[in-house]
Amino acid sequence: GAGVSQSPSNKVTEKGKDVELRCDPISGHTALYWYRQSLGQGLEFLIYFQGNSAPDKSGLPSDRFSAERTGGSVSTLTIQRTQQEDSAVYLCASSLALGFGPGTRLTVL
Amino acid sequence: GESVGLHLPTLSVQEGDNSIINCAYSNSASDYFIWYKQESGKGPQFIIDIRSNMDKRQGQRVTVLLNKTVKHLSLQIAATQPGDSAVYFCAENAGGTSYGKLTFGQGTILTVHP
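Chains as they are written, first to last, in the numbering used here: chain A, 19 to 127; chain B, 20 to 133.
One thing to keep in mind: the hints can contain errors.
[Claimed, not checked] Distance ranges between label pairs, derived from CB positions:
1) A:V92 - B:R70: 26 to 34 Å
2) A:S71 - B:D36: 41 to 49 Å
3) B:D74 - A:L127: 45 to 53 Å
4) B:Q77 - A:L127: 41 to 49 Å
5) A:G90 - B:G60: 24 to 32 Å
6) B:K61 - A:G90: 23 to 31 Å
7) A:S80 - B:K75: 19 to 27 Å
8) A:T94 - B:Q125: 27 to 35 Å
9) A:N70 - B:T130: 39 to 47 Å
10) B:Q125 - A:V92: 26 to 34 Å
11) B:T130 - A:A115: 20 to 28 Å
12) A:K33 - B:Q33: 43 to 51 Å
Hints listed in this document are in silico derivations from the structure and should not be mistaken for laboratory results. Keep in mind that this is a model prediction, so the values were computed, not measured. Glycine residues also receive a C-beta, built at the ideal position from the N, C-alpha and C atoms.
Based on the provided sequences and hints, a complete structural model is requested.
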């Protein structure tokens, strides 16, 4: 079956603009994880959704970052007023025991 | 803060050799560990996991060893193939309210020469 899909695959934006990154989890999976991967910081946890429980947002680096999950399926990660240090690959997974989607490479100019 | 780290950033082996990738962790509360493989342009993919109540787990051509006394984790790949060339990450999880939050090591680049 289909794995996790993410869109867009690449996003280039200007500093100060808002961006939205999308994650489509594996059908039927109730968990959803966002991580980011950057050269300087490696792989970092951002946020974790599990069913209808309140998400664990403890990894979000600032209040410019937010995420929602509509209908327990698709998730959108929003970064407001992007900064150059936000440049990274943003990865999504719906099962840590399977792995991550291909990611969205975000470049902030 | 506590972190998971890898001693060797690169490992180069010949096809057919066995490979061993090491990882040190510092959080004594971690009770779940995962090894991931990441190929260029892809997200990390699960290889094998182990819980802290075990010291060894085997998969297809891979074995993970856990030494809680010295907080050390290793991934052994038997009969390494060129397709095994990738970056390998260890990750730890402390469970409980931290479930879902993996702490990753920096990664080891494995290169397999034909």
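Quiz item: Range hint 43 to 51 Å: satisfied by the CB atoms of K33 (chain A) and Q33 (chain B)?
Solution: holds (47 Å)
Quiz item: Holds or violated: 23 to 31 Å for the Cβ distance of K61 (chain B) and G90 (chain A)?
Solution: Given a distance of about 26 Å, which is inside 23 to 31 Å, the answer is holds.
Quiz item: Does the Cβ pair Q125 (chain B), V92 (chain A) satisfy 26 to 34 Å?
Solution: holds (31 Å)
Quiz item: At the C-beta level, are V92 (chain A) and R70 (chain B) separated by a distance inside 26 to 34 Å?
Solution: With Cβ atoms ~31 Å apart, the hint holds.
Exercise. Starting from the hint 27 to 35 Å, judge whether the C-beta atoms of T94 (chain A) and Q125 (chain B) obey it.
Key: The hinted range 27 to 35 Å holds for T94 (chain A) and Q125 (chain B), with Cβ atoms some 29 Å apart.
Quiz item: Do the beta carbons of T130 (chain B) and A115 (chain A) sit within 20 to 28 Å of each other?
Solution: holds (27 Å)
Self-check item: Beta-carbon spacing of G90 (chain A) to G60 (chain B) - inside the hinted bounds 24 to 32 Å or not
Solution: holds (29 Å)
Practice problem: Could you check the hint for me, namely that D74 (chain B) and L127 (chain A) are 45 to 53 Å apart, CB to CB? | Solution: holds (49 Å)
Quiz prompt | Cβ separation of S80 (chain A) and K75 (chain B), checked against the hinted range 19 to 27 Å | solution = violated (42 Å)
Quiz prompt | S71 (chain A) versus D36 (chain B) beta-carbon gap, inside 41 to 49 Å or not | solution = holds (46 Å)
Quiz item: CB of Q77 (chain B) to CB of L127 (chain A), is that within 41 to 49 Å?
Solution: holds (47 Å)
Quiz prompt | Range hint compliance [Cβ, N70 (chain A) to T130 (chain B), 39 to 47 Å] | solution = At roughly 45 Å between Cβ atoms, T130 (chain B) and N70 (chain A) fall inside 39 to 47 Å, so the hint holds.
In summary, the one numbered hint that this structure violates is 7.
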